[in-house]
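Given chain A, put chain B in place with the hints provided.
There are 2 protein chains.
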Amino acid sequence: MVDSTGFLFELLGNDAGSFARRGRLVTPHGVVQTPAFMPVGTIGAMKGLTPVQLAETGSEIMLSNTYHLALRPTPGVVEGLGGLHRFTGWDRPILTDSGGFQVFSLAKINRIDDDGVDFRSHIDGSLIRLTPEIATDIQNRLGADIIMAFDQCPPLPCDPAELTAAVDRTIAWAKRCRAAHSRSDQWQFGIVQGGVDHHQRRICAEQVIEVGFDGYAVGGLSVGESHEEMVDVLTGLCPRLPGDRPRYLMGVGVPRDLYAGVRAGIDMFDCVIPTRNGRHGHVFTATGPLKMRNERHRLDGGPLEEGCDCYACRTFSRGYLRHLFMAGEMLGPTLASIHNVRFLQRLMGRMRDLISTGDLATIPDEFPVVLETDGNDES
Amino acid sequence: MVDSTGFLFELLGNDAGSFARRGRLVTPHGVVQTPAFMPVGTIGAMKGLTPVQLAETGSEIMLSNTYHLALRPTPGVVEGLGGLHRFTGWDRPILTDSGGFQVFSLAKINRIDDDGVDFRSHIDGSLIRLTPEIATDIQNRLGADIIMAFDQCPPLPCDPAELTAAVDRTIAWAKRCRAAHSRSDQWQFGIVQGGVDHHQRRICAEQVIEVGFDGYAVGGLSVGESHEEMVDVLTGLCPRLPGDRPRYLMGVGVPRDLYAGVRAGIDMFDCVIPTRNGRHGHVFTATGPLKMRNERHRLDGGPLEEGCDCYACRTFSRGYLRHLFMAGEMLGPTLASIHNVRFLQRLMGRMRDLISTGDLATIPDEFPVVLETDGNDES
Chain A
0 MVDSTGFLFE LLGNDAGSFA RRGRLVTPHG VVQTPAFMPV GTIGAMKGLT
50 PVQLAETGSE IMLSNTYHLA LRPTPGVVEG LGGLHRFTGW DRPILTDSGG
100 FQVFSLAKIN RIDDDGVDFR SHIDGSLIRL TPEIATDIQN RLGADIIMAF
150 DQCPPLPCDP AELTAAVDRT IAWAKRCRAA HSRSDQWQFG IVQGGVDHHQ
200 RRICAEQVIE VGFDGYAVGG LSVGESHEEM VDVLTGLCPR LPGDRPRYLM
250 GVGVPRDLYA GVRAGIDMFD CVIPTRNGRH GHVFTATGPL KMRNERHRLD
300 GGPLEEGCDC YACRTFSRGY LRHLFMAGEM LGPTLASIHN VRFLQRLMGR
350 MRDLISTGDL ATIPDEFPVV LETDGNDES
Chain B
0 MVDSTGFLFE LLGNDAGSFA RRGRLVTPHG VVQTPAFMPV GTIGAMKGLT
50 PVQLAETGSE IMLSNTYHLA LRPTPGVVEG LGGLHRFTGW DRPILTDSGG
100 FQVFSLAKIN RIDDDGVDFR SHIDGSLIRL TPEIATDIQN RLGADIIMAF
150 DQCPPLPCDP AELTAAVDRT IAWAKRCRAA HSRSDQWQFG IVQGGVDHHQ
200 RRICAEQVIE VGFDGYAVGG LSVGESHEEM VDVLTGLCPR LPGDRPRYLM
250 GVGVPRDLYA GVRAGIDMFD CVIPTRNGRH GHVFTATGPL KMRNERHRLD
300 GGPLEEGCDC YACRTFSRGY LRHLFMAGEM LGPTLASIHN VRFLQRLMGR
350 MRDLISTGDL ATIPDEFPVV LETDGNDES
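These protein sequence lines are chains A and B, in that order.
The first sequence runs contiguously to residue 378 in numbering that gives the first Met the number 0.
The second sequence runs contiguously to residue 378 in numbering that gives the first Met the number 0.
If we strip away everything but chain A, and leave its shape as in the complex, we get (with noise of 0.2 Å):
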């Protein structure tokens, strides 16, 4: 049942043979199917594609980056503009992440401490601060569906004292975050960190999960860690997170950890990869990358993906896409962006239909890239 709030978060069944689960999350904007795939709209707007196409690669829920709105065009300016959905055009829900990632990577850090962050813009070198407190205030006024706790995100790898210290904070900053969310209409995610350690992850969480949120991330990811030591992370932790809360991988998308992802229970992933590899021509398919700018695919008249039902399969062939990224044309990045998302909306929308009959097993014999080791080609 949909809360009073306008959400609900349902599980509708479980895969045979790992922990992955179906289900549907419901939003003030919509529904939300998962597992589910968030692509990257990193300034409000993703690269390349009006919402139109956004919608038509299947895409049910768009991440927008607080770090980079809150620099430009500035809060008050989203706001002013009637909140992310209306200045969007994106109608459907939205999560804002909380800028934590982004300031411990992008920007220049002038000063940490427990209160918060002072660090540069990478736009225009201003000094800006992030607390708890500031960055859940913009995400309430930026207005996402779903807003993201301020975190600290250690590097990997991390000396333990460090990796203790980032964790440390990040539950305390948790607790502050929930306590400064002002808004009923938004649902509001603790995040979980500790790099490789299983044991800093399981004090993260029950320390998270005891603030008590309506969903719940796993941060720290993906961020130069192997694959292996990801599945490990995520089979240790996944079991300790509440069975009826959404569980959100942030930074994942490369296909072979979404299916682990997926098989170790996690609902929701984001990532840039399908439009920043659309950008750069290098497009997904069920069986691995294709590098458009090759010259083999100059008289191929046959489309980026065989069977796939993206528009730019439907209208275009592999030797136009070519033409288009030798010559420097917009159109290329915006044709295999769109072809990117839709690969992946197609491998999770196959993988939700595979949980609901016990078969998740069988995605690799339709989906090979999901046991590549280069399934990403610039992760």
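Since the hints were derived computationally from the structure, they do not count as laboratory data.
For lysine-lysine, the following DSS-like pairs were computed, each having C-alpha atoms within a straight-line distance of at most 25 Å:
1. B:Lys290 - B:Lys46
2. B:Lys46 - A:Lys46
3. A:Lys290 - B:Lys46
4. A:Lys46 - B:Lys290
5. A:Lys290 - A:Lys46
Since this is a predicted model, take the numbers as computed values, not measurements.
Just chain B, lined up with the frame of chain A:
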């Protein structure tokens, strides 16, 4: 009645106070209402727009450039991938120019004589030859619905001897192009040169008409002459062109010039200006151009143009478009280009309606920009 090759041009009405005429051009790939504006997909793609988005602007015919396609991907690739319509995914009418204009404006010419032109590719410096026969053969192979004679476009200003030589060559080449044309499912238009010299224009028109083409183009304008000089040439020349054949003013797309051209009796126009301006964040409106990076749009929740029915105006605010341009996001150029092309198609559609009722002179009331000298902000 459509002829055996699938073509027809018929006039449907005339304006009361000008030489403007409304018509219908039927081609094997569909109908074009005239006067028509043809957006330019230089390399076989509209910059930033899919064929679906282009069709949604109300565009009924696209122009592509033989010069660019001849260099890359080469006619063999386009032909091998099924011809321009299949290659580009635009299954409606297409017109290709002959390459003459580009050879004389973009390429480094090595040698020019009565037979043809040797020039170096602006892409890789390779030596390439175009003659009337080669330019026609390439266009036969590209497979547009309408192809153009290979002409010599003189610069403006131009000394009389040079102008006479260009006109003589354009006439001689027109004959050879007509003789070389080998496809019955393509119409071929001749081009009239002659700069701003009425005498040369008359000689060229008479001789090119004598050759006998399916339509006639006015070339060599919008290359540096004043608006008044352009109008003067059109006023003198149009009455000398066969009344029952389409008349095409090449390279013109500024609102003021479109209005003047239509009043003089022109049926077709093409220009890169709506997409080029769009990429730069310069947006057409009925009352004059907007620059989207301007600070005053920051919190403006209104559409690019009140009353416009384009996708950009129906979905997004000026404030959002400004944000896209400030952030250098690809979607900005796409949306501004969609609006600009739709703007010109709305202008053309309204001119067609008003010709039918004999009221074309009221256009400036609805589109004051057609009287402005800066209706074009970077032609």
